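Protein chains in written order, with our numbering: chain A, 1 to 339; chain B, 1001 to 1344.
Hints in this document: simulated from the structure, not taken from any laboratory. Keep in mind that this is a model prediction, so the values were computed, not measured. A few of these clues could be false.
What the hints assert, rightly or not - For each label pair, taking beta carbons as the anchor points, the in silico distance ranges come out as:
#: 1; chain 1: A; residue 1: E209; chain 2: B; residue 2: V1277; range: 49 to 59 Å
#: 2; chain 1: B; residue 1: V1035; chain 2: A; residue 2: R113; range: 28 to 38 Å
#: 3; chain 1: A; residue 1: E129; chain 2: B; residue 2: M1075; range: 32 to 42 Å
#: 4; chain 1: B; residue 1: V1277; chain 2: A; residue 2: D305; range: 31 to 41 Å
#: 5; chain 1: A; residue 1: H94; chain 2: B; residue 2: K1288; range: 36 to 46 Å
#: 6; chain 1: B; residue 1: D1091; chain 2: A; residue 2: N246; range: 52 to 62 Å
#: 7; chain 1: A; residue 1: N80; chain 2: B; residue 2: R1336; range: 34 to 44 Å
#: 8; chain 1: A; residue 1: G89; chain 2: B; residue 2: P1076; range: 55 to 65 Å
Quick reminder that beta carbons are idealized off the backbone N, C-alpha and C, glycines included.
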Amino acid sequence: MATPSEVVLEVRDLVKHFPLTQGILYKRQVGAIKAVDGVSFELRRGETLGVVGESGCGKSTLAKLLMALERPTSGKVLVNGKDITTAKGAELKHMRRNIQMVMQDPYTSLNPRMTVGDIIGEPFEIHSEVVPKGDRRKRVQELLEVVGLNPDHINRYPHQFSGGQRQRIGIARGLALQPEIIICDEPVSALDVSIQAQVMNLLDGLQKEFNLAYIFIAHDLSVVRHISDRVAVMYLGKMVEVGTDNQIYDRPSHPYTQALLSAVPVPDPEGREQRERIILQGDPPSPANPPSGCRFRTRCWKAQDICAEQEPLLEIRAQSGDHPTACHFAEASDVVHVS
Amino acid sequence: MTEVLPESKSSNGTYGGALLEVDNLHVEFHTRAGVAKAVNGVTYSVNAGETLAVLGESGSGKSVTAQTIMGILDMPPGKIANGEIRFRGTDLLKLPEEERRKVRGEGIAMIFQDALSALNPVFPVGWQIAEMFRIHRGMSRADAKKKAIELMDRVRIPAAKERVSDYPHQFSGGMRQRIMIAMSIALDPEVLIADEPTTALDVTVQAQIMELLAELQRESNMGLILITHDLGVVADVADKIAVMYGGRIVENAEVHDLYRNPAHPYAKGLLESIPRVDLKGQELYAIKGMPPNLLDMPTGCAFHPRCPYRQEKCVTDVPPLHTISGTRGSACHFWREVLDGDAQ
Chain A
1 MATPSEVVLE VRDLVKHFPL TQGILYKRQV GAIKAVDGVS FELRRGETLG
51 VVGESGCGKS TLAKLLMALE RPTSGKVLVN GKDITTAKGA ELKHMRRNIQ
101 MVMQDPYTSL NPRMTVGDII GEPFEIHSEV VPKGDRRKRV QELLEVVGLN
151 PDHINRYPHQ FSGGQRQRIG IARGLALQPE IIICDEPVSA LDVSIQAQVM
201 NLLDGLQKEF NLAYIFIAHD LSVVRHISDR VAVMYLGKMV EVGTDNQIYD
251 RPSHPYTQAL LSAVPVPDPE GREQRERIIL QGDPPSPANP PSGCRFRTRC
301 WKAQDICAEQ EPLLEIRAQS GDHPTACHFA EASDVVHVS
Chain B
1001 MTEVLPESKS SNGTYGGALL EVDNLHVEFH TRAGVAKAVN GVTYSVNAGE
1051 TLAVLGESGS GKSVTAQTIM GILDMPPGKI ANGEIRFRGT DLLKLPEEER
1101 RKVRGEGIAM IFQDALSALN PVFPVGWQIA EMFRIHRGMS RADAKKKAIE
1151 LMDRVRIPAA KERVSDYPHQ FSGGMRQRIM IAMSIALDPE VLIADEPTTA
1201 LDVTVQAQIM ELLAELQRES NMGLILITHD LGVVADVADK IAVMYGGRIV
1251 ENAEVHDLYR NPAHPYAKGL LESIPRVDLK GQELYAIKGM PPNLLDMPTG
1301 CAFHPRCPYR QEKCVTDVPP LHTISGTRGS ACHFWREVLD GDAQ
């Protein structure tokens, strides 16, 4: 997918700080959780951007900001050139049609008291101009067929479906308004291994069919590599390295990316004794009080004085090769092959 | 029955067979909707210093088997219909609860998936670790607390002395899992069952925990039963692997053999559905259909509705666990074809 197509989503310096308050009657702010702290990227039509990182790095907050479910502290999210973060009322509603979401847990993201037809058809109730009332049922059945479910099951309830089928229902709901962008927040991690491949294939096929742009958030690095054109690695609210899948997986230059990749167990026992592992010590620091300078320096084996003083910017560096990385001592190295 | 007690611990090998043997275990759940046969004739064994991986999806019976070994299965609705669980040659299922309690913790210990819900939120972690020593060893509070601090050091919790009085919610996920591990190794068990110990953790923390487990195993020569659904984790640490499907073991093998050339269509399908770099952009191989409903198991081979090798025989006859060579087995009528790799 090297042909550059138009940019459908542009994110500029996105920041979200959640205030930390103290006191019951008179709340005063004593600090902030810096969940997302200056993230910028672009997404083109038909492209998939994978976002990886550990829990607490701000992946899901990023997804909520893109969906305009949270208002950012500062920064812009431009959907087809229009800023969704300042949009209001009818304009916001109209913009939301274009950016939809598939949730992680298909067991809690579907209302157990609604039939599948009602769940998938609900977007049409809200955006009534998309499909005229009389055609809605037919349209829902078409959607069921698109995601590989039996259209006759339109009157069933979520509990009558398995996990994989429920995730398909969630995907059908995301597709209902024919969006250009779909945000998938850990779409396969709650599913059984044998079902994951089915849902991955479905997402892949839908992308080709409808030329969708995906933001694919996941912690399973081999799944991300399979589906993504580009991959962004996040650590404590910042992107530390961005590149094509080959750049990130074969020539990672940020120490965190290298550690992350080398920590992934390789599903092949051959030569496991010789495999080199970078095992990070400790846990990520709290986003309420991130380290000065480079946020990764507290767990980094390359850290020096400059790392505490100066924050490394996400830029292309001499040693990092061809893609931007946020490390003073970036050096591309082929740590481990995550297949 | 004294041979299960800790006195015999030093005399490793007083009993000729494997350290822990599960033999033809059948467990059912009696529910209003009918009888769910969660475990249907599972047989596996683990020796000192050995790592057995039990691989399977949700509902395959891997956790129920582990709970039965530990004797923490809820009965009712659970019911052990048949089988033996031998620890150093003694059938645990026949022991009175009192004796069983001694084995639990000292002979066999278990780590659970979700450390936050496995720990008691209203007691300090040190108190919970020390409980093992107070109850099983009759130590005083002060001595037990000292032991707890030692253990927290051993599982590498920083500043153990200061943190011994902290509560579970004050620890991160990885640290909580370390506390669980500290509790489980407190009494030097001979077999440790780890039920999805890293599933809820991030990959970098997962690597830390797996390394810790491997180290503890080396130090004390424990037998480790690792229950997981992650083919990567298995490939990293296991010696032997038992693949479970629909309450049965469908393939038994040395880990290298299974990854090189699986002998059961289900194991083969799982391995082929892993995304690989050279297949990027192509459709992933996916096992068709979905896992069986335990209340309504398919006839014959439980995997037949999803199997590319299916023939008429599979619908009617339950395949026995065919011996392929030595310890290797496959519960497939057509294991030869699967090994050769030509699907129908």
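Could you work out which of the previously given hints the structure breaks and list their numbers from low to high?
1, 3 and 7
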